[in-house]
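Protein chains: 4
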Amino acid sequence: MINMERIFKELDELKFELPSWAFSDAGTRFAVFHEEGAARNVFERIEDAALVHRLTGCCPSVALHIPWDKVENWEELREFAEEKGLKIGAINPNLFQDPDYKYGSLTNPSEKIRKKAIAHVMECVDIAEKTGSKVISLWLADGTDYPGQDDFRSRKKRLEESLRYIYENMPADMYLLIEYKFFEPAFYHTDIPDWGMSYLLSEKLGERALVLVDLGHHPQGTNIEYIVATLLSEKKLGGFHLNNRKYADDDLTIASINPYEVFLIFKEIVFAKRDPELSDSAKKVVLMFDQAHITKPKILAMIQSVLIAQELFTKALLIDENRLREAQKNYDVVEAEEILLDAFRTDVRPILREYRRQKGLPEDPLRVFREEDYMEKRRRERR
Amino acid sequence: MINMERIFKELDELKFELPSWAFSDAGTRFAVFHEEGAARNVFERIEDAALVHRLTGCCPSVALHIPWDKVENWEELREFAEEKGLKIGAINPNLFQDPDYKYGSLTNPSEKIRKKAIAHVMECVDIAEKTGSKVISLWLADGTDYPGQDDFRSRKKRLEESLRYIYENMPADMYLLIEYKFFEPAFYHTDIPDWGMSYLLSEKLGERALVLVDLGHHPQGTNIEYIVATLLSEKKLGGFHLNNRKYADDDLTIASINPYEVFLIFKEIVFAKRDPELSDSAKKVVLMFDQAHITKPKILAMIQSVLIAQELFTKALLIDENRLREAQKNYDVVEAEEILLDAFRTDVRPILREYRRQKGLPEDPLRVFREEDYMEKRRRERR
Amino acid sequence: MINMERIFKELDELKFELPSWAFSDAGTRFAVFHEEGAARNVFERIEDAALVHRLTGCCPSVALHIPWDKVENWEELREFAEEKGLKIGAINPNLFQDPDYKYGSLTNPSEKIRKKAIAHVMECVDIAEKTGSKVISLWLADGTDYPGQDDFRSRKKRLEESLRYIYENMPADMYLLIEYKFFEPAFYHTDIPDWGMSYLLSEKLGERALVLVDLGHHPQGTNIEYIVATLLSEKKLGGFHLNNRKYADDDLTIASINPYEVFLIFKEIVFAKRDPELSDSAKKVVLMFDQAHITKPKILAMIQSVLIAQELFTKALLIDENRLREAQKNYDVVEAEEILLDAFRTDVRPILREYRRQKGLPEDPLRVFREEDYMEKRRRERR
Amino acid sequence: MINMERIFKELDELKFELPSWAFSDAGTRFAVFHEEGAARNVFERIEDAALVHRLTGCCPSVALHIPWDKVENWEELREFAEEKGLKIGAINPNLFQDPDYKYGSLTNPSEKIRKKAIAHVMECVDIAEKTGSKVISLWLADGTDYPGQDDFRSRKKRLEESLRYIYENMPADMYLLIEYKFFEPAFYHTDIPDWGMSYLLSEKLGERALVLVDLGHHPQGTNIEYIVATLLSEKKLGGFHLNNRKYADDDLTIASINPYEVFLIFKEIVFAKRDPELSDSAKKVVLMFDQAHITKPKILAMIQSVLIAQELFTKALLIDENRLREAQKNYDVVEAEEILLDAFRTDVRPILREYRRQKGLPEDPLRVFREEDYMEKRRRERR
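Protein chains in written order, with this note's numbering: chain A, 1 to 383; chain B, 1 to 383; chain C, 1 to 383; chain D, 1 to 383.
Note that these hints are calculated values from the structure, not bench results. Among these hints, one or two may not hold up.
Only pairs whose alpha carbons sit at most 30 Å apart, straight line, appear in this in silico DSSO-like list of lysine-lysine [to be verified]: (1) D/Lys329 x D/Lys377; (2) A/Lys157 x B/Lys235; (3) D/Lys235 x C/Lys157; (4) B/Lys204 x A/Lys157; (5) A/Lys112 x D/Lys236; (6) A/Lys204 x B/Lys236; (7) A/Lys329 x B/Lys157; (8) D/Lys377 x C/Lys102; (9) B/Lys157 x A/Lys235; (10) B/Lys87 x B/Lys102; (11) D/Lys157 x C/Lys273; (12) D/Lys102 x C/Lys329; (13) D/Lys235 x A/Lys377; (14) B/Lys204 x A/Lys204; (15) B/Lys283 x A/Lys204; (16) C/Lys204 x D/Lys273; (17) A/Lys204 x B/Lys273; (18) C/Lys377 x B/Lys102; (19) D/Lys112 x C/Lys204; (20) C/Lys235 x D/Lys157; (21) D/Lys204 x C/Lys157; (22) B/Lys283 x A/Lys157; (23) B/Lys102 x A/Lys204; (24) A/Lys236 x B/Lys157; (25) A/Lys204 x B/Lys284; (26) A/Lys284 x B/Lys204; (27) A/Lys377 x D/Lys102; (28) C/Lys235 x D/Lys204; (29) B/Lys329 x A/Lys116; (30) B/Lys283 x B/Lys15; (31) D/Lys204 x C/Lys329; (32) A/Lys102 x B/Lys329; (33) A/Lys329 x B/Lys273; (34) C/Lys115 x D/Lys235; (35) D/Lys236 x C/Lys273; (36) A/Lys157 x B/Lys284; (37) A/Lys329 x B/Lys115; (38) C/Lys157 x D/Lys329.
Next up, chain A with everything else stripped away, as it sits in the complex (with noise of 0.2 Å):
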């Protein structure tokens, strides 16, 4: 029934891009807690996210955060990363904590500050170049908190010039990805709030400029499946930060509140990229994880939303297309829902099993990792 080989084909594709930050200390702004054995510099959180890759198969690149990751010799890292079986993925610009951005970074009344904004932006490019990195992933903190602090349009006018600048300077076969938040840290107005605002920018900038859908970033009740399907069908996705939320930018583990509103978003991936027309742009949206373990081990944490994330859109690769067309078409709304929820009930676990026993991979990372007491070595070694 199933079509395994066709299966296993589309899961060899499957590849998640993992956040260097997420294996150091993280926290709320109540409090922030440390986790002994936590990754302390870029070499240990490569370290993680190899050992991640080592167990699941499925994550060979890591995201860079700067200046976070800021090393002397970025050719010394790239080869670092390349050893433990990693490229450097994604590197995103930090516009946010520098005292100098309470009031914007590429928004900032000050041209001064806007320069030193796009300055760190281009640092960033150079980074990407010399890591061997394709995309830019930016997101700004950039707002207000009150009503009166700055003028709507004149942000809008000095972010479109920021962006030209930056998109105008980076090498021709790089991505800009323009991220978008609703609300947070800026508590008024945030001058990208929703997919729309991201996609009239990348519109002006231009083919390479995308957006990127942090499925946190959203105020409640919004589909998100239809808004990737929109920037899918505009060849307008670059990619995704993957956690879940209950409230706000919570940053849980993907899937741990709605698994099912994953299972919709894959699905959207998963049909484009079947589609003549987007298959190449749909092949290029990139799976990043952006989530923050407080409660959760870190390392632990991500091999097990690697595997949810990895099961839902195998759950989402058993779709029967064809009969769900079929029922849209009958508008057979039980019909076609059903076809969904048919994949959606499957357990997929045994064929995960045979995919990673076939890959030679752990058939259960969680347990091979919990067995080899990998966070007590990470313990002893990280003292």
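Model the placement of chains B, C and D on the given structure of chain A, informed by the hints.
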């Protein structure tokens, strides 16, 4: 201190459009409540709109909803309205009450139903021409209730094709306003759920396709004034449906939940009208009401709404824009906010009474409406 | 591994209550859509409920809505239902469609209207006695649309007095379930907006006043399973209105938006039933459906809903409670979550097919419904 | 028309409590921003609070946060405050920053950690006695991040036991305020998420356990004034944390997003104070600020906040209660709303300037603060 001449001049330009449908019985999904004396047909609805205009002096046009307001002889209706001092404003097609549209109108999988929907819009274009209106105001109820019910990208393609046909077949001086709504009556996805989708569609169509912002059609927490500023800066804001909400699309009296928010929205219009680059397009923005009054008598509620809107617009006119820009430049957030608040705190009722006196209008339209006992008159006339 | 005997025993105890009103035409506030063959009166509604029970075997009671289901001879109706294999479940008073209730029913400033509302509830108590029901299920649409419309504390006092009268005049073995709803049809305030108010009121009334949880009546983000656990711990949970929502009170098919959430809610019931201290009260919790199907055929949708609910309940039965408590004790968050997920991931369709086979029920009720073409039959019978 | 004598008398009774922590550096979860001259210890924080009181005349007490404000000699601190014209207000235990509390404090599965948390609260009780405070203000960050992480009912039982111990061991004239918060820092469930749970817990404890309402701790759309009215009617409202929010717990300046809402909340207090049955308990309600200013200078922002709160309270005092009740009785919704709006529209700045003049206070405290250049003074003193 306050430049009365300037204020009065700007008040002269401030016009609201009344919706014919607000003068007839309305309901929730749980009950429709009958108001004795409420208008029973388009002529009575125009009569009621004319009364509101007579008492307030700032509502010279009335929007129609087809087929609710359909008549045999459109020229006659136009003359009837003009005799009462009103022009015909936006023509609103109805693409939601016909059973054929249960699974979509302009997006329906069936070509036959799409053609029917397009034909209805073209009929409205025709009515607009006959009644001297230059605006088609399009709200689609299209969407799905369940995952899988239809294919998102196919619907978007159909929607674009339908709109393209309509846009290309409208007279060259007619505007198409595309409204968005977060949800309802569809409860899984809505085909035009946010400003981003309205913008994307109107951007593709051309200059005379614009976005319509209904104040009640956003997710909770949305910064509407920022959307307004964004659309103004792109010359893509076509108009408003003015109302208020606490929860969803509650269609309450404007500003009844948050008057400050309306003041901040109006501020964006006031400022854009003063910006030489945007002035022309900002002046064309149509301020329509779209409210449903159940617990308030309809005409009384409409007069109240107009007065409240006029009052908040007047407050926005009082903002000291130069001082504000100075404070913004200095990052003086408290000062900037206090400049807005100084305008908002000002009791503009004396200004407006004086303005009305000079125009030969009743100084207190609500009181006159009550004293003349128009409600009793309507009840007697419309038994 | 899975203890089938235990599962089957717990499945035997799992009963759902069907709402009579779900089998007749429904609508949104924009349109009411007619379904050919939909039930036109209470007898046909009971027939349809009986069909759902015959095919699924777990829906032995039907809730009535007064006056929609009002008949002359209640004994006759009761017998009719019993012949069809059904008992009469909760009696639902209607305190929202009469124009008198525009400004409130049990909370109305007018004593006369409050007395009328109380009398209607007492009529329902009488109907409950005559039909053998032990449950009055009370939903109030009471609230206000505008600040100042009425005095909150006066309304609360009136509400408490009205409920006190009803409670004290019910038979000693009858339960009063008090439903809450965040908003709609009132859009400024609702008199019973949340579980806190239902709890406060029922706590004051006495032991047979309990809270009813409608899954669609909460603010976005609400952790419903936590409310359920809280009410269970206080022996104050009376029952559910099962459905799902993405936005507001969407009344969609249960679990159609987030099946995992329903699983987590059912887990609380499963665990409470096993707790000796709470077992008795947890077993009395009534699982009623309250859905409105517009885009799905009504009977088909109801069968689908029952099967989905049964499936998710079965998954909740599979949770390894002992291992879970052990993981919780060890703060092993990943392990605890995986224990839940292991149950959720399990494909329980084979278990349920076997269960149905043993009970002499169709293994696939949806298929049987389609194969027997009950919809066509209904259409023919109900022309 | 306006009875100045009565207004001034009620203004004399209007007192706000300042939070010590608002005068030191604050941040979001993305960055902590340093303000030059910001208070560095409890003595400087009290100095800043005293300055706010000196300029506004209505902030005679300051709330402390333990251990942030911990000193060796509490009598000395009390005297220091009294010399500056301040009393010590609510004592706030900190049960969220210690790593031990990662999985809960009063609800923690570990008895040892629960005892530690209880001991800390009892230490705060002791500090309250030593500093002459009568109020413990308890906010728990307790909750879980993932389904299954802990058992809801067990946590509730532990919470009730912990609170019972604290309540029974407090002096007989001390109050325990129990705060609720919808979410954050826990992102799956919060142990005290809403007024219902605070009410349930305080109701079980006894008369001196009361609910604390933080204006930013509710789901979107919540009608806070209705919760306030409900708690007032039950004599269960202990106090407020005043602030505002647009999205989540944004901790912005009070009324900066919706001043009308604050006016409506204050109206409930004003009316309850006039109700003979509730007057005593309503007068005890503590009006504390709890804001975090990042983009505004801290002392300046606090003065602004106090003035805005005082202004909105004054507007609430102007509501014509008799006319309002008459309109409510007549179901005259427009009239009732206009009565509220008439008070809200009134520019009360002249009244407040006159009031301050009579009290020997600066008429415009914000201007005096700027003219005296207190910020520069602080910067020089606190290098």
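Outcome of the hint check:
1. D/Lys329 x D/Lys377: Given pair D/Lys329, D/Lys377 is violated - Cα atoms ~57 Å apart, limit 30 Å.
2. A/Lys157 x B/Lys235: Holds, because 14 Å separates the two Cα atoms, which is no more than 30 Å.
3. D/Lys235 x C/Lys157: OK: D/Lys235 and C/Lys157 at ~14 Å, within 30 Å.
4. B/Lys204 x A/Lys157: Within the cut-off at roughly 22 Å; holds.
5. A/Lys112 x D/Lys236: The given pair, whose Cα atoms are some 54 Å apart, is violated under the 30 Å limit.
6. A/Lys204 x B/Lys236: holds (15 Å)
7. A/Lys329 x B/Lys157: Holds: A/Lys329 and B/Lys157 sit about 15 Å apart, inside 30 Å.
8. D/Lys377 x C/Lys102: Distance of about 61 Å is beyond 30 Å: violated.
9. B/Lys157 x A/Lys235: holds (14 Å)
10. B/Lys87 x B/Lys102: violated (33 Å)
11. D/Lys157 x C/Lys273: holds (17 Å)
12. D/Lys102 x C/Lys329: Between D/Lys102 and C/Lys329 the Cα gap is close to 14 Å, so the pair holds against 30 Å.
13. D/Lys235 x A/Lys377: violated (57 Å)
14. B/Lys204 x A/Lys204: holds (13 Å)
15. B/Lys283 x A/Lys204: holds (25 Å)
16. C/Lys204 x D/Lys273: holds (25 Å)
17. A/Lys204 x B/Lys273: The given pair, whose Cα atoms are some 25 Å apart, holds under the 30 Å limit.
18. C/Lys377 x B/Lys102: Holds, at roughly 23 Å.
19. D/Lys112 x C/Lys204: Violated - the C-alpha atoms of C/Lys204 and D/Lys112 are around 36 Å apart, more than 30 Å.
20. C/Lys235 x D/Lys157: Holds: C/Lys235 and D/Lys157 sit about 14 Å apart, inside 30 Å.
21. D/Lys204 x C/Lys157: holds (22 Å)
22. B/Lys283 x A/Lys157: holds (21 Å)
23. B/Lys102 x A/Lys204: violated (37 Å)
24. A/Lys236 x B/Lys157: holds (16 Å)
25. A/Lys204 x B/Lys284: holds (25 Å)
26. A/Lys284 x B/Lys204: With Cα atoms ~25 Å apart, A/Lys284 and B/Lys204 stay inside 30 Å; holds.
27. A/Lys377 x D/Lys102: holds (23 Å)
28. C/Lys235 x D/Lys204: holds (15 Å)
29. B/Lys329 x A/Lys116: Holds. B/Lys329 to A/Lys116 sits at ~18 Å (cutoff 30 Å).
30. B/Lys283 x B/Lys15: Given pair B/Lys283, B/Lys15 holds - Cα atoms ~10 Å apart, limit 30 Å.
31. D/Lys204 x C/Lys329: holds (27 Å)
32. A/Lys102 x B/Lys329: Roughly 14 Å between the alpha carbons, so the hint for A/Lys102 and B/Lys329 holds.
33. A/Lys329 x B/Lys273: violated (48 Å)
34. C/Lys115 x D/Lys235: holds (28 Å)
35. D/Lys236 x C/Lys273: Answer violated: D/Lys236 to C/Lys273 is near 33 Å, above 30 Å.
36. A/Lys157 x B/Lys284: OK: A/Lys157 and B/Lys284 at ~22 Å, within 30 Å.
37. A/Lys329 x B/Lys115: Roughly 17 Å between the alpha carbons, so the hint for A/Lys329 and B/Lys115 holds.
38. C/Lys157 x D/Lys329: holds (15 Å)
Checked against the numbered hints given earlier, this structure breaks hints 1, 5, 8, 10, 13, 19, 23, 33, 35; the rest are met.
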